[in-house]
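Trainee: The listed protein sequences correspond, in order, to chains A and B.
All residue numbers for the first sequence refer to our numbering, where the first residue is 1 and numbers rise by one.
All residue numbers for the second sequence refer to our numbering, where the first residue is 1 and numbers rise by one.
Derived from the structure by calculation, the hints contain no laboratory data.
Be a bit skeptical, because a hint or two may be false.
[As the list claims (entries may be wrong)] Below, computed lysine-lysine pairings styled on DSS-like, alpha-carbon distance capped at 30 Å: (1) Lys79/A <-> Lys65/A; (2) Lys12/B <-> Lys38/B; (3) Lys27/B <-> Lys143/B; (4) Lys15/B <-> Lys143/B; (5) Lys65/A <-> Lys176/B; (6) Lys38/B <-> Lys15/B; (7) Lys187/B <-> Lys270/B; (8) Lys176/B <-> Lys474/B; (9) Lys461/B <-> Lys110/A; (10) Lys79/A <-> Lys110/A; (11) Lys461/B <-> Lys176/B; (12) Lys30/A <-> Lys461/B; (13) Lys79/A <-> Lys316/B; (14) Lys27/B <-> Lys12/B; (15) Lys27/B <-> Lys15/B; (16) Lys158/B <-> Lys140/B; (17) Lys30/A <-> Lys176/B; (18) Lys138/A <-> Lys176/B; (19) Lys12/B <-> Lys110/A.
This one's a predicted model, so the numbers in the text were calculated from it and none came from an experiment.
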Amino acid sequence: MMTNPNGIVTQGQFSFLPPLTDVQITAQIKYALDRGWALSVEYTDDPHPRNTYWEMFGAPMFDLKDPAGILMEINNCRKTFPNHYIRVMAFSSVRGVESPTMSYIVNRPKNEPGFGLVRQETQGRNIRYTIHSYATDKPEGERY
Amino acid sequence: MSQLSNANETMKEGKERYKAGVLPYKKMGYWQPDYQPKDTDLLAMFRITPQPGSDPEEVAAAVAGESSTATWTVVWTDRLTACELYRAKAYRVDQVPNTGEGTKTEAQYFAYIAYELDLFEGGSIANLTASIIGNVFGMKAVKALRLEDMRIPVAYLKTFQGPATGVIVERERLDKFGRPLLGATTKPKLGLSGRNYGRVVYEGLKGGLDFMKDDENINSQAFMHWRDRFLYCMDAVNKASAATGEVKGHYLNVTAGTMEEMYRRAEFAKELGSVIIMIDLVIGYTAIQSMALWARQNDMILHLHRAGNSTYSRQKNHGMNFRVICKWMRMAGVDHIHAGTVVGKLEGDPAMIRGFYDTLLDDHTPQNLEHGLFFEQDWASLNKCMPVASGGIHAGQMHQLLTYLGDDVILQFGGGTIGHPQGIQAGAVANRVALETMVMARNEGRDIWNEGPQILQDAAKWCGPLRAAIDTWKDISFNYESTDTADFVPTATTSF
Chain A
1 MMTNPNGIVT QGQFSFLPPL TDVQITAQIK YALDRGWALS VEYTDDPHPR NTYWEMFGAP
61 MFDLKDPAGI LMEINNCRKT FPNHYIRVMA FSSVRGVESP TMSYIVNRPK NEPGFGLVRQ
121 ETQGRNIRYT IHSYATDKPE GERY
Chain B
1 MSQLSNANET MKEGKERYKA GVLPYKKMGY WQPDYQPKDT DLLAMFRITP QPGSDPEEVA
61 AAVAGESSTA TWTVVWTDRL TACELYRAKA YRVDQVPNTG EGTKTEAQYF AYIAYELDLF
121 EGGSIANLTA SIIGNVFGMK AVKALRLEDM RIPVAYLKTF QGPATGVIVE RERLDKFGRP
181 LLGATTKPKL GLSGRNYGRV VYEGLKGGLD FMKDDENINS QAFMHWRDRF LYCMDAVNKA
241 SAATGEVKGH YLNVTAGTME EMYRRAEFAK ELGSVIIMID LVIGYTAIQS MALWARQNDM
301 ILHLHRAGNS TYSRQKNHGM NFRVICKWMR MAGVDHIHAG TVVGKLEGDP AMIRGFYDTL
361 LDDHTPQNLE HGLFFEQDWA SLNKCMPVAS GGIHAGQMHQ LLTYLGDDVI LQFGGGTIGH
421 PQGIQAGAVA NRVALETMVM ARNEGRDIWN EGPQILQDAA KWCGPLRAAI DTWKDISFNY
481 ESTDTADFVP TATTSF
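Only chain A is shown next, with the shape it has when bound in the complex (with noise of 0.2 Å):
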């Protein structure tokens, strides 16, 4: 069990806040779709912070412009690994940005155990820490 104020992995622009509805996150694909950025949908069961490369739910949306077609995406996502992290992300193709401008949670696991901190003693006082996702001790598939 995790121990931070939420008890949950806080990764995201909106994890501190109670789980978004489908009419919120609509209203947060229309913010992204307005400026012209492209969504896509990925989903993990190694929310490690360093794990950069969730894998995609298909590759970034940039023909459509249809936040319910966007939402229908999501949701299928949701239904097809209910037990795993998804995160919707934008995408901006602007000279100067060309890079993600968005990123947030969808869903969750139903038990989040977090990690360890693993310290390994060096030289004097030196410590070598290395974050341990409980989870991934059990193989891909596997771990919710």
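We have chain A already, so just place chain B on it with the hints.
Mentor: Showing chain B alone in chain A's frame:
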């Protein structure tokens, strides 16, 4: 605006020009009202307060002369050089609005000066500044002098590294997008032992902040030597990262008395796995550039605290405007710089601060006199530098902060986190909930400027720490007139 040109007093030619003796700067060729600045020229704009009775054009010419090739008397050795090229040219003088007769302020003038690119060594802020602010600020002919703005040519910008990491890559490394970052400075500033200090860092980060920070004068004092601080802080950072699943950081201040010692501290920070180190502006331009090179080589974000800047940037008639510091620091290569809060305890007019933020973040800044930007500036793909808002801000101002400062900013709530009545973690929760709530509301299209207080009240119904923060600081604001204000607004501005 009047152009105070007088062609009769411009340059003399040939033998007459180089006769031994003293010649007014205008006649030496430093006043050229017909000059058309080249794209490759470096342009500077000074606010000049001449000595009573002095001709403003002559004073402008003197500033141009003394910041380029001139000395007080004619020298024949000029004729061995392409001196007409190397001479800086004052090409425009305008009286500053609302100064001079009939106003409370003595007459001031904006003097525009063009400098040939070859006057400056590439990649050296030290060389640039030795010319532009080297001697001229002490000249007797000027009663006061302020460097207001500069236009750096693209050709010169391309000789600088720029921010070691930049806003885009910093966000990618931290995995934090679409919202301002949250930080806090560890308090009290001085006196905590390393062990006690790390406690504050851990609580703040675990509670929900992205960064904690050393203060500018935390280096290696008797109460806490630097290695102890680094070791305890990195335990706090890693433990908080494991507790939340997020990338966390603590700005380890490596400021020291020598470059050798700063490198030593920076290397140790890297060895411990820190994502970020910190330096103070007082270490000097060359030291800053060196640390920026080190940071680029070592995958490190470089935070700059602007310690000392107000000694020369705050008063309107003398010194230099902070927007010039912003330009130099983006060139010098820092990733973060403290650039004002508008609403907090430190100096800051909203329009002026917008100008600083645009200078740090934009690919291209158009001229905008109301924001104090006198020149258009193409940033030539230099990385963006993240502005930091720090000093006397709290969760109850979130709608104002987000409106004024936007997403690309680090909001630092030191007292507003550590002084929370329910503890440091609760303080961090209050700030993070207020921030996420306000970003979500803004994205939904709500009018956060007007609805902000209600949006926070609604969130406080389900978030006890936010409730307590709002109740504690609801009436705190810092309402003082700003000293550094725009010259081109119809009415006087006040700070909020």
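Trainee: Tell me, which hint numbers fail for this structure?
Mentor: 4, 13, 16 and 19
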